[in-house]
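Generate the whole structure from the sequences, applying the supplied hints.
Below are the chains, spelled out letter by letter.
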Amino acid sequence: MNKHEADQKLEQTLKQAFSGLPSRRAPGTLEARVVSELQRRAALPWWRVSFANWPVSARVAFVLICAALVAATILGGASAYLGGRPWNEAFALVLSWVHPFLAVMSSAGGLAAMLVRVIPPLWLYGGLGLGILLYVMLFGLGAAAYRTLYLWPSSAGNDL
Amino acid sequence: MRAYQDMVFSTAARLAGNETQAEDIAQEVFIRAYEHFSDLRSSVTAGGWLKTVTTNLTLNYLSRYRKRWRLFSELRSTAEDGDSDGPELDWEVPDTILADLSAEQRAAIVDAALRQLPDHQRLPLVLYHFEDLSYQEIADKLNVSLTKIKTDIRRARAALLPLLQESGGARDTLDS
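Sequence order for the protein chains is A and B.
For the first sequence, counting from 1, position 13 maps to 13 in our numbering; every step adds exactly one.
For the second sequence, counting from 1, position 118 maps to 1118 in our numbering; every step adds exactly one.
It cannot be assumed that every hint is accurate.
Below, a list of computed lysine-lysine pairs in the BS3-like style, where the Cα atoms sit at most 30 Å apart [what the hints assert, rightly or not]:
1. A:K3 with B:K1051
2. B:K1051 with A:K9
3. A:K3 with B:K1148
4. B:K1150 with B:K1051
5. B:K1141 with A:K15
6. B:K1148 with A:K9
Calculated directly from the structure, the hints in this document are not laboratory data.
Listed below in structure tokens is the structure:
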């Protein structure tokens, strides 16, 4: 019998073993749990349930208030910064920030380029490798903690 | 609810492989059913709706943890999947298994064996054999490749067979 035939035979054998299996009996506490949870949720005030279940008037009011707060914050900030200046002056003031910002970015870029030239490539590759190693170690520790603290205790519980 | 609770719990328990999780999932399923009660009360497809919601909620429940560790599982499975078709079966496949046991005895043995499989094997196997989904539908639901689904199901069957044989043999011995 070749591999494909053996696989097909195994599938048929298992299908036969699985056929007509009765459902597992639900715990007797399930119905009481569901009723209790429904009662708990029904007792919550409207602002404690999800936004989608709020009354329409409350949802509309909430959206309008949020929009008004955002607009007030933006307009208030802009008027505090620009004061009572005319538009052309205000525009020039905003533009005056652009040149220093570009200068800072250019300097940072120049510094990075200089560092790449000055530092030996071996050091750069070593630093990069060390960074990757630390990153992988962090994931490894996380995986070990997950397996130890989550997977194993739950597997042990399954055997009970 | 009483008419469907065994089906819902059973579906969740076989997929999740954990009774505590299955009870939480079943509770959430019936709460959602209550929210859609006006649609479901007169629907002839209520059972199908409940089964679909149970399956999706169970997969969501499990994927909360699965997503965080997908990197490792994919790395591990890639390393293990050197042969994309999986290993050869190195024993004779019987024509029937557990055939002389009652349905209740078979269910107990099958459920216990399913719990011993890892998630990435149990989920596609249960979806294929118990929920009657195709390989492609399972691949879409679990968001993994079709090849991996086929390999995982083959390996799950290969892992399940000796577990069922051992348990069936032990049950026969106890009964005699």
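Against the structure, the hints:
no. : hint                 : in the structure
1   : A:K3 with B:K1051    : violated (34 Å)
2   : B:K1051 with A:K9    : holds (29 Å)
3   : A:K3 with B:K1148    : holds (18 Å)
4   : B:K1150 with B:K1051 : holds (23 Å)
5   : B:K1141 with A:K15   : holds (22 Å)
6   : B:K1148 with A:K9    : holds (21 Å)
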